[in-house]
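Residue numbers (my numbering), protein chains in the order written: chain L, 1 to 140; chain U, 1 to 140; chain W, 1 to 416; chain S, 1 to 416.
Just so you know, these hints were derived from the structure itself, not from any lab. One or more of the hints may lead you astray.
Example chain L residues on the side facing chain W (calculated, C-beta under 7 angstroms, incomplete) [what the hints assert, rightly or not]:
# : residue
1 : Y5
2 : G60
3 : C61
4 : A62
5 : G96
Distance ranges between label pairs, derived from CB positions [claimed, not checked]:
#  : chain 1 : residue 1 : chain 2 : residue 2 : range
6  : W       : Q7        : U       : E129      : 35 to 43 angstroms
7  : L       : T21       : S       : G51       : 50 to 58 angstroms
8  : W       : S90       : U       : Q89       : 19 to 27 angstroms
9  : L       : L126      : W       : L160      : 16 to 24 angstroms
10 : S       : H408      : U       : Q89       : 28 to 36 angstroms
11 : U       : A85       : W       : A77       : 27 to 35 angstroms
12 : U       : A85       : S       : D161      : 35 to 43 angstroms
13 : W       : T327      : L       : T21       : 29 to 37 angstroms
14 : S       : A165      : W       : E114      : 35 to 43 angstroms
15 : L       : L126      : S       : G201      : 25 to 33 angstroms
Part of the chain S face toward chain U, derived, beta carbon under 10 angstroms [unchecked claim]:
#  : residue
16 : V194
17 : A369
18 : I404
Values in this document were obtained by computation on a predicted structure and should not be read as measured data. Cβ atoms here follow ideal geometry from the backbone N, Cα and C, with glycine treated the same way.
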Amino acid sequence: MDDLYRENLMDHYRHPRNHGTLEHPDCEAEGKNPLCGDEVELDVEVVDGRINAIRFTGNGCAVSQAATSMLTDLVQGLPVAEAAALPSQAIIDELGIPLSAMRVKCAVLGLGTLKVALHRGVGTPLPPEWGADDDEMVWG
Amino acid sequence: MDDLYRENLMDHYRHPRNHGTLEHPDCEAEGKNPLCGDEVELDVEVVDGRINAIRFTGNGCAVSQAATSMLTDLVQGLPVAEAAALPSQAIIDELGIPLSAMRVKCAVLGLGTLKVALHRGVGTPLPPEWGADDDEMVWG
Amino acid sequence: MTGATPQELDPTRIRADFPIFARQVHGQDLVYLDSASTSQKPQAMLDAMVGFYSTSNANVHRGVYTLGVESTDAYEAARDAVARLINAPSRREVVFTRNTTEALNLVAKTVGVERCGPGDVIVSTVLEHHANLVPWQVLAQATGATLRFLDVDDEGRLQLDELDAIAREGNVRIVAVTHQSNTLGVRPPVEELVRWARAQGALVVLDAAQTVPNRPVDVQALDVDFLAFSGHKTLAPTGIGVLWGREAILAETQPFLTGGEMIRSVALDRTSWNTLPWKFEAGTPAFAEAVGLHAAIDYLEAVGLDAIDAHEHAITEYALGRLDEVTGLRIVGPPDAAARGGVVSFVLDDVHPHDIAEILDRHAVCVRAGHHCTQPLMQRLGHAATVRASFYLYTTTAEIDRLIDGLHDVRRVMGV
Amino acid sequence: MTGATPQELDPTRIRADFPIFARQVHGQDLVYLDSASTSQKPQAMLDAMVGFYSTSNANVHRGVYTLGVESTDAYEAARDAVARLINAPSRREVVFTRNTTEALNLVAKTVGVERCGPGDVIVSTVLEHHANLVPWQVLAQATGATLRFLDVDDEGRLQLDELDAIAREGNVRIVAVTHQSNTLGVRPPVEELVRWARAQGALVVLDAAQTVPNRPVDVQALDVDFLAFSGHKTLAPTGIGVLWGREAILAETQPFLTGGEMIRSVALDRTSWNTLPWKFEAGTPAFAEAVGLHAAIDYLEAVGLDAIDAHEHAITEYALGRLDEVTGLRIVGPPDAAARGGVVSFVLDDVHPHDIAEILDRHAVCVRAGHHCTQPLMQRLGHAATVRASFYLYTTTAEIDRLIDGLHDVRRVMGV
Ligand SMILES: Cc1ncc(COP(=O)(O)O)c(C=O)c1O
Ligand SMILES: Cc1ncc(COP(=O)(O)O)c(C=O)c1O
Chain L
1 MDDLYRENLM DHYRHPRNHG TLEHPDCEAE GKNPLCGDEV ELDVEVVDGR INAIRFTGNG
61 CAVSQAATSM LTDLVQGLPV AEAAALPSQA IIDELGIPLS AMRVKCAVLG LGTLKVALHR
121 GVGTPLPPEW GADDDEMVWG
Chain U
1 MDDLYRENLM DHYRHPRNHG TLEHPDCEAE GKNPLCGDEV ELDVEVVDGR INAIRFTGNG
61 CAVSQAATSM LTDLVQGLPV AEAAALPSQA IIDELGIPLS AMRVKCAVLG LGTLKVALHR
121 GVGTPLPPEW GADDDEMVWG
Chain W
1 MTGATPQELD PTRIRADFPI FARQVHGQDL VYLDSASTSQ KPQAMLDAMV GFYSTSNANV
61 HRGVYTLGVE STDAYEAARD AVARLINAPS RREVVFTRNT TEALNLVAKT VGVERCGPGD
121 VIVSTVLEHH ANLVPWQVLA QATGATLRFL DVDDEGRLQL DELDAIAREG NVRIVAVTHQ
181 SNTLGVRPPV EELVRWARAQ GALVVLDAAQ TVPNRPVDVQ ALDVDFLAFS GHKTLAPTGI
241 GVLWGREAIL AETQPFLTGG EMIRSVALDR TSWNTLPWKF EAGTPAFAEA VGLHAAIDYL
301 EAVGLDAIDA HEHAITEYAL GRLDEVTGLR IVGPPDAAAR GGVVSFVLDD VHPHDIAEIL
361 DRHAVCVRAG HHCTQPLMQR LGHAATVRAS FYLYTTTAEI DRLIDGLHDV RRVMGV
Chain S
1 MTGATPQELD PTRIRADFPI FARQVHGQDL VYLDSASTSQ KPQAMLDAMV GFYSTSNANV
61 HRGVYTLGVE STDAYEAARD AVARLINAPS RREVVFTRNT TEALNLVAKT VGVERCGPGD
121 VIVSTVLEHH ANLVPWQVLA QATGATLRFL DVDDEGRLQL DELDAIAREG NVRIVAVTHQ
181 SNTLGVRPPV EELVRWARAQ GALVVLDAAQ TVPNRPVDVQ ALDVDFLAFS GHKTLAPTGI
241 GVLWGREAIL AETQPFLTGG EMIRSVALDR TSWNTLPWKF EAGTPAFAEA VGLHAAIDYL
301 EAVGLDAIDA HEHAITEYAL GRLDEVTGLR IVGPPDAAAR GGVVSFVLDD VHPHDIAEIL
361 DRHAVCVRAG HHCTQPLMQR LGHAATVRAS FYLYTTTAEI DRLIDGLHDV RRVMGV
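Build out the structure end to end from the sequences listed, making use of the hints.
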């Protein structure tokens, strides 16, 4: 049991960091995994090319919500280019639990949403594997 | 080997009875099994409700041709109603060799063709399993 | 089929026939509660398939030689077994497909396309698995027919009060309905729908993927026109399914896929079709899977489909009772065991179904979490996802107990 | 794939891996010369499938639980193995179907319907198996496109001299050709055809049912757009086949069958599709058969496809030499082993092929007799039927000798 839902993960799930919305976000996006119903919404404020503030709301499994919470901690203050280039593995490492292919989709939902938000808001590149042509995104 | 191509069968195959055509047949039909290419053509002359003369030509495997030859012997002089009602088993018995489902089709090609010929020429009933709506018949 | 009083089945003895139950997951005995998704396989079925491959394997309908004859006989005997199982009037009405999905697509893309057009109405329900929903959407779009869905109440019971209004919208051509919801286990009132469809002159397509595996299904008593099911849910291999359809309809319908086996004769400019059922089976069929399906049917019939039905009913009643003990757990679908098969969907406070399923897996308990390929139903009931436990002839009360223990642990881990 | 010099394979050792060769027919050891129709199965493949069913069986792409993850991984690993086998640029281009026939129908009924219309031309050849012929007839009829067939010479060699005339008839959209004739063993000049098709802007559909089993096939080197083959001819189970197609084309093509697995999201009025390759895989796939196919590919690669090709070439040469000894026997197709695979068709005086096959069966020799699902080719060559012997990695010269002995007995029995 212990390696599945570690304290750190459960802590982020129960007490999500940076939860909420921003009044005037520079970047925003929704991510949704219709297969399991996980959802996140991200607002990002960019100042001097860096992520000045980031907020999220969402609902879904512990993995998706905790991962998004950890992500917001991780990218706070980062240059947007660096945040947009963050690899999935960074989040998976952060979660620190074994994940099946199916759960990886939950884990990276927030990251994908961030990449889409930055792409739309400040034009960072969006690698094709994150390519979303509508609001109904499926990562993977 | 012996039970497969008995002497009787090979004799009918090599020396088919009633081979040829009739000048003025009352009934005629072609039968063809496109799967293996067996073909027979039957001409029948009916006098007083009986099969007065019957001739066939054809080509194909020994089973199909010998069976047709045997059939012509069998129905010679028979009332048409009786010939039209002849069961497949009569031919299979006549051949006297074990037949797989696939070879049964070869064995009864001539019989089916006779049923179609009599049906067309003198209106005997054609059971649905022999139903042929064009000249390209498949028995079975 | 068994006689009047179904012999009670002993799931513990049955389990011994299924090699997978020797499997351990995370050091514990496997608890498999996902049979609505796919069934496990008895050794006898595996042996039949391997035995076939090891002694008689040859392509069917082609070889004059002994192996080819044996393999054709084995394949066609499987068709006879299916015809018997569902009481089909004729073996010519039994078409082998890959699965239920292909069977339903076959109907939509042949009979459906031939019979539907603008002004026509296709009726389905919000209960349906995507397999009995999306093909009708595509058909409606392709032909200009109208597609209407019957609604359910909040517990998933099908509502028939819109039928009259639907009948006024046009010529009802096709009514496509499930025999049992794979998500909720509810069984819609098929007889009433069939009566109504008959009055409209409509064809009835019954998705029996969830019922052929576990109770006697009789196409003549049901009086439907098409019925589909999957081998893999009936103890049989993947890769084989069945479409049963009325001979009179299939006979006058153009083929679906074309190629070898389904032809009578081919010329460069003209091709004629084989007779039923082969007209609808293009190319080398899944003949070894048919042998497996035959062995699976033999197994089911030896146990008795009435007995399986009774067992599932008893297990479901037990499960509903025990699930009731779990604080915060809500059954999705009808709360009673009466109108349902061996499928129970539930949610637990606001713990996400994926978390529940993942934590249960650590207890070696296999359940499904998600929309179960019924997104419109989930939307109608207001759930993004549920947890689903489903039962079969090998399910024991001890497994249900393991599920309940697991659910208590879910509550502990998730702190609810 | 093996390196530069193919290791010679030892068919006698290989036979030990195939349980069916323990089989006796009419009291004699089995001589199986019908691998072009379907292949026999190695124990390792059967073990892989049974092992899967006995330990990891669960539906794919759905379960959060361990079994579901294992089964999804196994299914998707099979896709990777196929992609490697045919050197596909991406696993997203590998679609599992039931067989070659379904794969070719899928192309005709999606890409074909979308791209063909009046004024367009579809090109095929008289060499084709019905599976690569009838779907194009149906497509031409449905779309108003013109269907043209390239002719062969009297030995079955494809003639390209009409290509210019065909190009003047309209926009050539699709060129559908076999990689090797299943009846004659001839290999048409695919490279030349591909070059011509490229110049026309046409798509090339390659029927590789007869070549993927027995030699290295590289979709990138071939530069075709679609390629189809069947598992059952490649040591794998029935019920599974492969369509490979260029991602750029598949991505912009509407799906074929619809239902579960192939959707992204479903609402009552609107459905969106999954990404490649799943968009083209509706319903529960033949996942256990995929596991079998993976094991079969492993087996083929361990032996080496170059070695298999070399072995088939040697056996074919030996067979052609020995068949030459039989009085009255005529090879149908090219008389030399150079331009062909391990398939030999022949006729014997005027003994009907069915009689030959049936008498050979009494010697436990399995050969096919008939039109081999190539009726237009048979008609073109002036034969109602031929006898066909076909070879594979387990074929020995001793088996060829048994064939020849059998043929002498045919002559005796039939008195020719
Ligand atoms: C060249 C060729 N194409 C297509 C097919 C059809 O394959 P299947 O029956 O597995 O669909 C075959 C096999 O019979 C073949 O040899
Ligand atoms: C009610 C119902 N219909 C259709 C299907 C689709 O079956 P398959 O995936 O075998 O085609 C399923 C199974 O998932 C089902 O439960």
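task = Sort out which numbered hints this structure fails and list those numbers smallest first.
result = 5, 9, 12, 16 and 18
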